[in-house]
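Following the hints, put chain B in place on chain A, whose structure we already have.
2 protein chains.
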Amino acid sequence: MGTKYTIGIDYGTLSARALLVDVNTGEEIETALYEYPHGVMDTFLPDHKTRLMPDFALQHPQDYIDALQFTVTELLKKTGISKEDVIGICSDFTECSMLPVDEKGIPLCFQERYKTNPHSYVKLWKHHAAQDEASQLNQIAEMRGEAFLKRYGGKISSEWMFPKIWQILDEDPELYHDTAKFMELADWATMQLTGVERKNSCTAGYKAIWHKREGFPSKAFFKALHPALENVIDEKFNPVVIPIGSAAGQITKEAAALTGLKEGTIVAVGIGDAHAAVPAVGITEPGKMLMIMGTSTCHMMLGEKEAMVPGMCGVVEDGIIPGYYGYEAGQSCVGDHFQWFKDHCVPEAYEKEAKERGIHIFALLSEKAEKLRPGQSGLLALDWWNGNRSVLVDVDLTGLIIGMTLLTRPEEIYRALIEATAFGTKMIVETFREYGVPVNELYAAGGIAEKNQLMMQIYADVTNMDIKIAASPQAPALGAAIYAAVAAGKERGGYDDIYTAANVMGKVKDLYYTPNKESVSVYQSLYEEYKKLHDYFGRGENTVMKRLKKIKENVYYVNER
Amino acid sequence: MGTKYTIGIDYGTLSARALLVDVNTGEEIETALYEYPHGVMDTFLPDHKTRLMPDFALQHPQDYIDALQFTVTELLKKTGISKEDVIGICSDFTECSMLPVDEKGIPLCFQERYKTNPHSYVKLWKHHAAQDEASQLNQIAEMRGEAFLKRYGGKISSEWMFPKIWQILDEDPELYHDTAKFMELADWATMQLTGVERKNSCTAGYKAIWHKREGFPSKAFFKALHPALENVIDEKFNPVVIPIGSAAGQITKEAAALTGLKEGTIVAVGIGDAHAAVPAVGITEPGKMLMIMGTSTCHMMLGEKEAMVPGMCGVVEDGIIPGYYGYEAGQSCVGDHFQWFKDHCVPEAYEKEAKERGIHIFALLSEKAEKLRPGQSGLLALDWWNGNRSVLVDVDLTGLIIGMTLLTRPEEIYRALIEATAFGTKMIVETFREYGVPVNELYAAGGIAEKNQLMMQIYADVTNMDIKIAASPQAPALGAAIYAAVAAGKERGGYDDIYTAANVMGKVKDLYYTPNKESVSVYQSLYEEYKKLHDYFGRGENTVMKRLKKIKENVYYVNER
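Chains A and B supply the protein sequences, listed in that same order.
Per the numbering used here, residue 1 is the first one in the first sequence, and the count goes up by one each step.
Per the numbering used here, residue 562 is the first one in the second sequence, and the count goes up by one each step.
Pulled out of the complex, with its shape left as it was, chain A reads as follows (with noise of 0.2 Å):
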């Protein structure tokens, strides 16, 4: 048998990037990239009329058919591989990003009668429009004593897919029931090369509250939300769910067509975006943390038993490699704080340093703050400017700098802000320690942990722990490359489980960055300060951050921002 090769697509948020990975060693062979011709659709619809509601994020799923086809395609055109040597291919996806089809599984937006129905489109994951439905869903979970509400550390949210569902049977009633079902994406991206609708355990499980033993919430807990949503799961929702890692079916005629593939090549089951770059860097065992950073960061674990550890944003069986439970936890600001910083904070006199010297003014700023030492600046932030998702899974929570002089300088926040991020990552990683879940490694992928060194020796010196960073930059569509092989199967070359596969596939760089003595020590003691301000601000003693977005709110807002 000669060399076989897997693909791996990865649907991003503004472009689809389609791998082409070498099943034997890993290697890279070829990318392509698609960019979405609608974008995020966040103010008009595609007619350019159909003006959108306020934190809308749609859409438009032919772009996902054309990335589907331009990307492979162009991957075997470019490579000039054999499309009988592509043993596999697994679609992963933005999550939650929804879609309501009909009994075919074609878009409703694909209707013409349904064109200028904002709810007849993709609902993206940053869809943030249907935070009413969230908060009444938790409350009424809560009120119900929902047992599920502490696998997702109390909240459910309003990105997720039974609050998006809730919203299109609010707002437009006939459009629900004209929906056949609700889909998410990595599934419905699945389906276009199968033909058949298989649900993914790992979407399934961190978006739509399900669960490998206890399924779906149950008819009652539904009906307390609507009377019409009390069968929304047995009519709306096909309720078998796949592991990942599985077959989902084979590629059909019309998708060979579509895509140049071998009509019969195994089609792994989808999977989210996040959760992919697990296997990517050869995780497949409890113990080992991957954080994947850009604009937030989500930190990926595996545990052998299911624990209840306060705010991770959800437990899944099955939910990221099979036979383990899979834990997610989030930081909801990161790589956005460093852009708040840059855009707002930065004075004239470095921006016109760094244009005269031609450097980036992030790379500036690193080698400035690179020059102070652990606790030189004495300031310390809380990183709460867009709420805390892990540990304390509050919205409401805002930012914090203390200790500034007249001597403070700007690279001294913007390393406090980095400083904060990474005591921010040590709460989670002792949190769930301290609830019987060990952390013994942690892993980095993203566009941060490619680029950012001066962040990443400070994780390594704030966690005291090795830092080992993703080897491919799209870890996402090596992990479904490397499912895509599990799926196929040793027959057929690939693997028959994905500890066999992520190990010989997945791969970290051989360079990592590990913790230097005297800055452990010197974190170690600013961490017990950030530890009792994160307690104090954020567990009740003092809830001034939330009286001030109340009078914030009570203010009548005299210029719109």
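What the hints contain is simulated information worked out from the structure, not anything from laboratory work.
Any given hint might turn out to be false.
Stated by the list, open to error - Below 30 Å or equal to it, Euclidean Cα-Cα: the simulated DSSO-like pairs (lysine-lysine) are:
#1 Lys987/B to Lys371/A
#2 Lys1110/B to Lys368/A
#3 Lys987/B to Lys532/A
#4 Lys531/A to Lys823/B
#5 Lys913/B to Lys342/A
#6 Lys1012/B to Lys552/A
#7 Lys355/A to Lys371/A
#8 Lys716/B to Lys371/A
#9 Lys716/B to Lys866/B
#10 Lys823/B to Lys639/B
#11 Lys550/A to Lys866/B
#12 Lys531/A to Lys665/B
#13 Lys288/A to Lys212/A
#14 Lys342/A to Lys916/B
#15 Lys49/A to Lys181/A
#16 Lys929/B to Lys352/A
#17 Lys531/A to Lys916/B
#18 Lys987/B to Lys552/A
#19 Lys1078/B to Lys687/B
#20 Lys552/A to Lys1078/B
#21 Lys610/B to Lys565/B
#22 Lys550/A to Lys1111/B
#23 Lys903/B to Lys371/A
To be verified - Chain B is nowhere near these chain A residues, computed Cβ spacing over 12 Å in every case:
#24 Asp102
#25 Thr116
#26 Gln192
#27 Pro347
#28 Gly375
#29 Ala381
#30 Gly399
#31 Gly403
#32 Leu407
#33 Glu412
#34 Thr431
#35 Ser525
#36 Glu528
The model shown is predicted, which means the values in this text are computed figures rather than measured ones.
Built from N, CA and C at the ideal position, the CB exists for glycine as well.
Leaving out everything else, chain B in the frame of chain A:
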């Protein structure tokens, strides 16, 4: 009797300004300015060779003599007013600025052998190199239970007289020995006109621990500091203190030749510059607080009795207006705060907009901040960038901002810093009230009061009091001219008491700031939050600011600032 005039000379940090005032109306006829050629010496002596130690801030007394000659001559020349019609003169000076002199009052630095000795020059108010002595002095005073400590909010500042004298003794015992007198510059400047030394009750009280009934600290106390200091008062100090508003003497023949004034013209005793501003706004009775707002703010108040208000800078009988107890409080970071923000936190886009529109960056910030309503930003700050003077008296406290989100904009932070200083003022006002010293009206003088309407309106809204603004941009010089009229007396065309004099000659602008009812109520809520944070971080519940400073000190500084 035709129109009579007095002259007030205000010796500031970088220049001296003389003001000729019509005694009958308070009209400011003419001013003359002289910039000190030596400025503030903080790196080298005038020989450009002798390097100064860190925290030194010296001046050259010849500059004051030259300023006196130039400005008074200039006033008479420019106005053509006869020296016969100038009935009095008075000097106000930065405080405590002090100088070692010989038996005749001649500065030691005028002697050839002391020319290269830093300790022979004027130690300017902001000379901060006597911190060790100040700390020791406070420790010893506390151990001995010295009652005077309470009159100074529990702490004697390193800027004041005795730490500065002690530093000289510590570092140059020979020069200490050769010194006939250590003089406050307000008194020394006066002596240049009269030929005799007269110690004024204002700077003696606020800067040299003098009390009208109890005198100076005891010999035993001084001995406890250092054996050689036991008799410092008798040996190195003129112990006779004269109330402000009294005559110190008359213009000598030499001074007449120097200035063009008539020999025999009445010279009032000197006064500290901040305190001189009080009669200039017409305040001569209790209940009215004057804020002198510059890089920092001084709060001046009169009271009927001697109350021990925690955290004030001092209470001195006859210290501000004879016949009353003069209270002083302070905020150590006001204008400095906004300067810091402007220098280090304003993004390039704002600088560009200001340049394009041809306005100052502060004007742009104010314009943007003015559009915000109280509470709209959700931000709250503690104004401790330079420690806290009143009411906590703690230099080790540092700044704090809370409430930031990813939508927080620079003008919101700028406004929060202004509001923080206003809350600091409210805290001072409420503390005075709580300890039995009523505050019914607010007055403001200084550059900020003059120019920053946004800030003054915020102060009115936060304190819920009208704020009247000094009519004169040179309130200290006007105050000195008023005291000169009192020292001259009614017979010569002046006044017999400060009450009448200040009533006629002191002035506020017609326009004043009055609280906006809606804003008052929002600020009341925000102040409650400020107070809670103030007490939590400032009164020992969480001493994180001090611990961060300690950590900072322990860090080995790779890079000097």
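Results for each hint:
no. : hint                  : in the structure
1   : Lys987/B to Lys371/A  : violated (40 Å)
2   : Lys1110/B to Lys368/A : holds (21 Å)
3   : Lys987/B to Lys532/A  : holds (29 Å)
4   : Lys531/A to Lys823/B  : violated (72 Å)
5   : Lys913/B to Lys342/A  : holds (16 Å)
6   : Lys1012/B to Lys552/A : holds (28 Å)
7   : Lys355/A to Lys371/A  : holds (20 Å)
8   : Lys716/B to Lys371/A  : violated (37 Å)
9   : Lys716/B to Lys866/B  : holds (21 Å)
10  : Lys823/B to Lys639/B  : holds (17 Å)
11  : Lys550/A to Lys866/B  : violated (43 Å)
12  : Lys531/A to Lys665/B  : violated (63 Å)
13  : Lys288/A to Lys212/A  : holds (23 Å)
14  : Lys342/A to Lys916/B  : holds (21 Å)
15  : Lys49/A to Lys181/A   : holds (28 Å)
16  : Lys929/B to Lys352/A  : holds (24 Å)
17  : Lys531/A to Lys916/B  : violated (44 Å)
18  : Lys987/B to Lys552/A  : holds (21 Å)
19  : Lys1078/B to Lys687/B : violated (40 Å)
20  : Lys552/A to Lys1078/B : holds (17 Å)
21  : Lys610/B to Lys565/B  : violated (48 Å)
22  : Lys550/A to Lys1111/B : violated (36 Å)
23  : Lys903/B to Lys371/A  : holds (24 Å)
24  : Asp102                : holds (39 Å)
25  : Thr116                : holds (31 Å)
26  : Gln192                : holds (35 Å)
27  : Pro347                : violated (6 Å)
28  : Gly375                : violated (4 Å)
29  : Ala381                : violated (9 Å)
30  : Gly399                : violated (3 Å)
31  : Gly403                : violated (5 Å)
32  : Leu407                : violated (7 Å)
33  : Glu412                : violated (10 Å)
34  : Thr431                : holds (22 Å)
35  : Ser525                : violated (6 Å)
36  : Glu528                : violated (9 Å)
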